[in-house]
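Here the protein sequences come in this chain order: H and V. The end of the first sequence is residue 414 by our numbering, with every number in the run present. The end of the second sequence is residue 324 by our numbering, with every number in the run present.
A couple of the hints might just be wrong.
[To be verified] Below, computed lysine to any residue pairings styled on SDA-like, alpha-carbon distance capped at 25 angstroms:
hint, chain 1, residue 1, chain 2, residue 2
1, H, LYS132, V, GLN220
2, H, LYS132, V, LYS49
3, H, LYS132, V, ARG222
4, H, LYS274, H, ARG121
5, H, LYS132, V, GLN164
6, V, LYS49, V, GLU145
7, H, LYS132, H, TYR270
8, H, LYS132, V, ARG46
9, H, LYS132, V, PRO177
10, H, LYS112, H, ASP403
11, H, LYS132, V, GLU216
12, H, LYS132, V, PRO319
13, H, LYS132, H, GLY167
14, H, LYS132, H, GLN160
15, V, LYS49, V, PRO319
16, H, LYS132, H, GLN159
17, H, LYS132, H, ARG107
18, H, LYS132, H, GLY272
19, H, LYS132, V, GLU224
20, H, LYS112, H, ALA93
21, H, LYS132, H, GLU179
22, H, LYS132, H, ARG149
23, H, LYS132, H, GLN77
24, H, LYS132, H, GLY78
25, H, LYS132, H, ARG208
26, H, LYS132, V, SER170
27, H, LYS132, V, ILE215
28, H, LYS132, H, GLN267
29, H, LYS132, V, ASP218
30, H, LYS132, V, VAL173
[Stated by the list, open to error] Here are some chain V residues the structure puts well away from chain H; computed CB gaps all over 10 angstroms:
hint, residue
31, PRO70
32, GLY72
33, ARG79
34, ALA90
35, ARG140
36, ARG148
37, ALA255
38, ASP289
39, ALA313
40, PRO319
FYI, nobody ran anything at the bench for these hints, they're computed from the structure. Glycine residues also receive a C-beta, built at the ideal position from the N, C-alpha and C atoms.
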Amino acid sequence: MNDVRDSLAPRRIAICVGSGGVGKTTVAAAIALQRALQGGRALVCTIDPARRLANALGLTTLGNVETRVPEHKLHEAGLRPRGELFAMMLDVKRTWDDLVTRHAPDPARRERILRNRLYQQMSAALAGSQEYMAMEKLYELATDRDYDLIVLDTPPTAHALDFLDAPDRILDFLGNETARTILAPAIGAGRIGLRLAQLGGGYIAKTLARFTGQEMLSDLGDFLRGFQGMYDGFKERAAAVRALLSRAEVGFVLVCAPTPFSVEEALAFHERLHAESMPVAGLVVNRLTPDLWPAGAGPLLAAAELTAALTAAGAPDGLAARLATTLADHQTLVTAEARTLARLLERTTDPRSLVPRLETDVHDLAGLARMAEGL
Amino acid sequence: MGLPTLLERRLVIVTGKGGVGKSTVTAALALLAARAGKRVLVCEVNAQERIAPLLGAPPSGYATRQARPGVHTVNVTPAEAMREYGLQVLHFRTIYEAVFENRVVRRFLRMIPSLPELVMLGKILNEVRAEEHERPRWDLVLVDAPATGHAVQLLRVPSALVGTVPAGPLRRDAEWMEELLVDPDRTAVALVTLPEEMPVNEAIELDGQVRGELGMLRGALFVNAMPDTRFSPEEAVRLAPLAAAAPPLGPAARAGRLYAIHAEQASRHLARARAALDLPTCVLPLLAVPEWGLSAVEAIAAAIAAAPPGSAP
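With the sequences and hints as input, model every part of the structure.
So this is what it looks like as structure tokens:
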């Protein structure tokens, strides 16, 4: 069951995806730690880690800076890595600003965009902005640095597919010639194209203005004009990111919990990755309830008999009934999870790792190392 | 401020980290309100529908539909909400269809920052305002909101637009929407969390954002899936050496020990949540159910009714 680790061994980039609340960040950190323990230079780029995990990784300040996890912290956790572990937290706003700065033809243009209030709102709040910038940062890290493994923890998306669509959606918006043409009257920049004349041209803009307000359209026009000329650079870059994602050195890791909803999300994502020819490195089913009832012990007894059997076996006074209920409830969960998982395992053939629910929440390096063993 | 107060509001927005049981709590609140004689609408926001199925009914889609007596459900999607909004603004279907149903324009509208969020929120808030036969169409609108970050993004759209958009129709809509959201008499946010590290951290952070950035009233905290204290610490210690025994005692002792460890950790996280969040709190039991359906929702509803938010622990 250590297939995911083996499947990741030849890869340089691992992208952890899955619905919220399945332990994606922890799995991402465990994968990076594992590579560091084996002798690699590994980086985990997280979006919003739990504070204690962030502390464990030495991430005390937010920012786009990669920080090496201090050796003494690893030693304190009883770990002797042969490689190095780095961690960073993605700063979405700053990544946007960097992108604009890189592509702006001159300082004046750069300032105009950075100061535009729509830009400021978009870079922080536009749906998909986080996903787009995670991809952007990944590309930068993959091309400008020399890590043996970069593990990207992705933002929790409302829908699994948002992640792949977000860059295109935003680029569509920034580079939409149609949008510019529709807004042409608002921008005051000349004639309406033939195609739009057929659609009604100025009439469309006028109707939209009733909807959004004339000034809103002007603002938007101004904003889009600011991006003119930079768009090609953006688009080229996004195409490069997309190409990077299809390379064999990349592996998507689908993280899910053994719940029906999470498994459905994982299957939807799996289908989509295949359709887009993006490489799946494996599935990690996290927080599996351990099966405590041995396979050879026959079916679990009903409550009354179980209580009697526990008493006969020497269960401490008064505990037998409570233990019987607890074991029965526990195994009910095990059975339900197994049924849910069967759907996932039947429909996929990728390497998979089943990670049991650990006794304590994972929020330190020792816990990450224990989890890594399960990968 | 107990449960009657929470459910006596016109709009309750339920949110929390992904996977904490928001939909279950929302569905349970809907059942309780309906039982108190209220007409309830539950809105999901562009989601894979969960409320209607949890209540044992088929998904409703964008058309409001009765899932249980007194409870209607609707799944609000950007495209449909845009259409409804556009028709409202333009009044004439033919104009709307000529302009807004145009493929190019539709794509363009989807890209205006925050417009999809605005029209979806607008649809929900319009339901709160809607009147029929000279009284509100719904006594209570419950929103099964997206997870933390996405919920904040959704709820702050009106105030962000009021701050950035020049005067115009869009701005006017953003203004009344913001007014409704921050009105503590009509609107409250209910936070849902689990007694675990990350969900509690996120609830604390979210609470700060709701109070600060959004300026909305937080009506209640629901701590879901709380194990009971069926084993005392001494008993838990006595179970440890039994773990190696033959079945059934060994497995039972291990199950008991895992339960006790889980319960001990959960109680620490619950205490942390209580200390950090000064909110009427409702603790919901950990249920051992093979499937989440109507009977599980009923059990959660019964637990809320038995110890509503703010009652003594």
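Do the hints match the structure? See the list:
Between LYS132(H) and GLN220(V), the direct Cα distance comes to roughly 18 angstroms. Compliance with the 25 angstroms bound is thereby established for this hinted pair. At roughly 44 angstroms between alpha-carbon atoms, LYS132(H) and LYS49(V) are farther apart than 25 angstroms, so this suggested pair is violated. For the hint pairing LYS132(H) with ARG222(V), the CA-to-CA distance comes to about 23 angstroms; that is within 25 angstroms, so the pair holds. Annotation: proposed proximity of LYS274(H) to ARG121(H) is violated, straight-line Cα distance about 40 angstroms (limit 25 angstroms).
A distance of roughly 15 angstroms separates the Cα atoms of LYS132(H) and GLN164(V); the hinted pair therefore holds under the 25 angstroms criterion. For the hint pairing LYS49(V) with GLU145(V), the CA-to-CA distance comes to about 16 angstroms; that is within 25 angstroms, so the pair holds. With a C-alpha separation of about 18 angstroms, the suggested pair LYS132(H) and TYR270(H) falls inside the 25 angstroms cut-off, and the hint holds. Between the alpha carbons of LYS132(H) and ARG46(V) the distance comes to roughly 47 angstroms, so the proposed pair goes past 25 angstroms and is violated.
At roughly 24 angstroms between alpha-carbon atoms, LYS132(H) and PRO177(V) fall within 25 angstroms of each other, so this suggested pair holds. At most 25 angstroms may separate the alpha-carbon atoms for a hinted pair to count; LYS112(H) and ASP403(H) meet this at roughly 10 angstroms. Annotation: proposed proximity of LYS132(H) to GLU216(V) holds, straight-line Cα distance about 19 angstroms (limit 25 angstroms). For the hint linking LYS132(H) to PRO319(V), the alpha-carbon distance of about 41 angstroms lies beyond 25 angstroms, and the restraint is violated.
Pair hint LYS132(H) plus GLY167(H) holds up; C-alpha atoms about 13 angstroms apart against a cutoff of 25 angstroms. Proximity of LYS132(H) to GLN160(H) is assessed by CA-CA distance (about 10 angstroms); at most 25 angstroms being required, the pair is judged to hold. Taking the CA atoms of LYS49(V) and PRO319(V), the gap is near 18 angstroms; set against the 25 angstroms cutoff, the hint holds. The hinted pair formed by LYS132(H) and GLN159(H) meets the criterion: a straight-line CA distance of about 8 angstroms does not exceed 25 angstroms.
A hinted pair counts as satisfied when its Cα atoms are at most 25 angstroms apart, and LYS132(H) with ARG107(H) qualifies at roughly 23 angstroms. Using a Cα cut-off of 25 angstroms, the hinted pair LYS132(H) and GLY272(H) holds, with the two alpha carbons roughly 19 angstroms apart. With a C-alpha separation of about 18 angstroms, the suggested pairing of LYS132(H) with GLU224(V) holds against the 25 angstroms cut-off. Between LYS112(H) and ALA93(H) the CA atoms are separated by roughly 13 angstroms; this keeps the pair inside 25 angstroms, and the hint holds.
The straight-line distance between the Cα atoms of LYS132(H) and GLU179(H) is roughly 16 angstroms, inside the 25 angstroms bound, and the hint therefore holds. For the proposed pair LYS132(H) and ARG149(H), the alpha carbon gap of about 15 angstroms is at most 25 angstroms, so the pair holds. Proposed proximity of LYS132(H) and GLN77(H) is contradicted: the alpha carbons are some 34 angstroms apart, above 25 angstroms. With a C-alpha separation of about 34 angstroms, the suggested pair LYS132(H) and GLY78(H) falls outside the 25 angstroms cut-off, and the hint is violated.
As the CA atoms of LYS132(H) and ARG208(H) are separated by approximately 18 angstroms, the hinted pair is consistent with the 25 angstroms bound. At most 25 angstroms may separate the alpha-carbon atoms for a hinted pair to count; LYS132(H) and SER170(V) meet this at roughly 20 angstroms. Under the criterion of a C-alpha separation no larger than 25 angstroms, the hint pairing LYS132(H) with ILE215(V) is consistent with the structure, at around 23 angstroms. Restraint check: the Cα-Cα separation between LYS132(H) and GLN267(H) comes to about 21 angstroms, which is no more than 25 angstroms; the hinted pair holds.
For a cut-off of 25 angstroms, the pair hint linking LYS132(H) to ASP218(V) stands: about 23 angstroms separates their Cα positions. Pair hint LYS132(H) plus VAL173(V) holds up; C-alpha atoms about 21 angstroms apart against a cutoff of 25 angstroms. The claim that PRO70(V) lies off the interface holds: its Cβ sits roughly 14 angstroms from the closest Cβ of chain H, which is beyond the 10 angstroms cut-off. With a minimum CB-CB distance of about 16 angstroms to chain H, GLY72(V) clears the 10 angstroms threshold, and the non-interface call stands.
With 10 angstroms as the threshold on Cβ separation, the claim that ARG79(V) sits away from chain H holds: the shortest Cβ distance comes to roughly 21 angstroms. Consistency note on ALA90(V): stated as away from chain H, and its beta-carbon is indeed over 10 angstroms from all of that chain's, at 14 angstroms minimum. For ARG140(V), the requirement that its beta carbon stay farther than 10 angstroms from each beta carbon of chain H is met, with the minimum near 20 angstroms. No beta-carbon of chain H comes within 10 angstroms of the beta-carbon of ARG148(V); the shortest separation is about 25 angstroms.
With a minimum CB-CB distance of about 12 angstroms to chain H, ALA255(V) clears the 10 angstroms threshold, and the non-interface call stands. With a cut of 10 angstroms on Cβ distances, ASP289(V) stays outside the contact zone with chain H, its closest approach being about 20 angstroms. In this structure ALA313(V) is separated from chain H by more than 10 angstroms, as the shortest Cβ-Cβ distance comes to about 18 angstroms. Separation of PRO319(V) from chain H is adequate, the least Cβ-Cβ distance of about 26 angstroms exceeding the 10 angstroms criterion.
Hints 2, 4, 8, 12, 23 and 24, counting from the list given before, are not met by this structure.
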